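For reference, the chains in residue letters:
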Amino acid sequence: MADVEETIRRFLGGDVEAFDQLVREWEAKVFNLAWRFLGNRHDAQDVVQETFLSVFQSLNQLRDPKSFSTWLYRITLNHCRANWRNRSSNLSLDECVADKEGEEKGLSLASLVAAQSRDPLETVDLVRKAMMGLSQDHRMAIILKEYLGMSLAEVAEVMDCPLSTAKSRLYHGLREVQKNLKRLLRAGMQ
Amino acid sequence: MRCDEIQERLVELLYNERGTPTASAELQGHVNSCPDCQKELQELEAVRSALKTWKDEPPLRTVAGLVAPAKVVPIRPRFSILKIAKYGAVAAMVLLAFLALSNAEMTWNKDGFSFRTHLLTSPVLANSKYYNKDEVRAIVREVADDSEIRMMEGNRVMLLRMMEYIEQDMDARLVRAQHPRNQNRN
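Taken in order, these protein sequences are the chains called A and B. The letter at position 11 of the first sequence is residue 10 when you use numbering that gives the first Met the number 0, and the numbering goes up by one with no holes. The letter at position 10 of the second sequence is residue 9 when you use numbering that gives the first Met the number 0, and the numbering goes up by one with no holes.
Among these hints, one or two may not hold up.
Below, a list of computed lysine to aspartate or glutamate pairs in the EDC-like style, where the Cα atoms sit at most 20 Å apart [claimed, not checked]:
#1 A:K181 - A:D124
#2 B:K132 - B:D144
#3 A:K178 - B:D35
#4 B:K54 - A:E156
#5 A:K181 - B:E44
#6 A:K28 - A:E121
#7 B:K51 - A:D124
The hints are simulated quantities; they were obtained by calculation from the structure and are not laboratory data. On a predicted model such as this, the values are computed, not experimentally measured, just so you know.
So that you can see chain B by itself, here it is in the shape it has in the complex:
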């Protein structure tokens, strides 16, 4: 044990308070065998004695009666409505933040109230009511096929109508060719 290591611990020997751990035997042993530390302890004792010469004095005047007003209203605990509202607002913000972070899902319908959270998971991946990529592709393909069929069907109907118009037109020309007099009269 070196002197500079135990300097600050000399106050343990200096005061040796009741109710606190006493200075260790190692510390006491070092001081007993070290003239420098013994001298230092004596110097500290001398400083303490010098300090004791500065005695207490009475205050210049009493402040009793100056600080307290003439009449004191009983002080109630400081749990006002304002304070409760403040704590309530903070609690509500914390709750909302938790619900947002946990992807909370609340429903209230004729079946009653339900509450679910998806901690650390994405609701899109976890919930089967959403389409995945393959399902979306199948739907698009189906819609495209359907559109093509409809378009082809439309073209077929249009061609049939055109054929009907052409046939009707040809019949009309044949009729006019068979009755030229009627045609000249007009």
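The following block holds chain A by itself, in its conformation from the complex:
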């Protein structure tokens, strides 16, 4: 974290290399957040570029460099939401289920993970589809907690909501993923 603060200070002092360093350190995390939210790599790549453009324009407004990661993820979240809104269409879960690619036959939810070693790509595809069937808030809460390893308090801070709301979004998000996975598995068995 001290390195990030130092890098930010160097950038604000006019060191262009410092910004490139900041980008190299954080772009993978921003990309994966956007990819899991949007379900599409190319849209995620657009979000990465838009996010770092916003960071470049407004980094001098960041009051506390220690909160850089929270601030960065909040900007990413805003761009993800804008990208999601601007899409001509978003795949619904029904459309995902109708798509036969990546079916997982005859498995319960518990055995899904066990099947990972046999066919990990199909498992990932099911998880991706199940995630895309969530509401934006539930999906974002799961991404922040499960994939970025944030604490519950940090999830609440990025999502700008009370801690209890963050817990509720996580719980209902996980339940929805569970429901969607079961639905996808049933569709695969038919």
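Since the structure of chain A is already known, use the hints to place chain B on it.
Quick look at chain B alone, frame taken from chain A:
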């Protein structure tokens, strides 16, 4: 404790974060004694395991060097003159509004500068330099009396003059009556 009351709190047991308050003994006790809640917790664990199969990937391409221009001008804090003027104008408006609401009174003469406010009071009632209703009535009455006296005095002078004219006229007639020849000659 009912199962539906603690559902959302299962995430406290699921994550059991360091540095945050741990799940209460009551919650833990309920889950330990409730097969349904235990099953639900296991299902949530299974969902977490499934989610972990979606691994990170590298970005399609790096944006380092694309966002920042070739040369960066040092960024100064955004306290420009325009911003200061804007805040100054707002502060002046607030001050003027306060002065208006507090009935402020400012004087600046040879004795110096003075400032007074009359918060929540009317300056008419509070300040003795203004006439009250009774004083105004007394002044009007005095003016009216004065006018009446002046009018009566005027009438008296006019009557005296009229008397003088009449006496002079009578004297003139007596003189003409005593010298009729002079009158005929003319």
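Below or equal to 20 Å on CA atoms is what counts here, so check K51 of chain B against D124 of chain A.
-> The hint holds at about 12 Å.
Are K132 of chain B and D144 of chain B close enough, with their CA atoms no more than 20 Å apart?
-> Holds - the C-alpha atoms of D144 of chain B and K132 of chain B are around 19 Å apart, at most 20 Å.
Given the proposed pairing of K181 of chain A with D124 of chain A, does the C-alpha separation stay at or below 20 Å?
-> holds, 14 Å
Holds or violated: K54 of chain B to E156 of chain A, with C-alpha atoms at most 20 Å apart | violated, 25 Å
Hinted pair K181 of chain A and E44 of chain B, Cα distance within 20 Å | holds, 15 Å
K28 of chain A and E121 of chain A: Cα distance at most 20 Å?
-> Violated: K28 of chain A and E121 of chain A sit about 23 Å apart, past 20 Å.
Hinted pair K178 of chain A and D35 of chain B, Cα distance within 20 Å | holds, 17 Å
In summary, the numbered hints that this structure violates are 4, 6.
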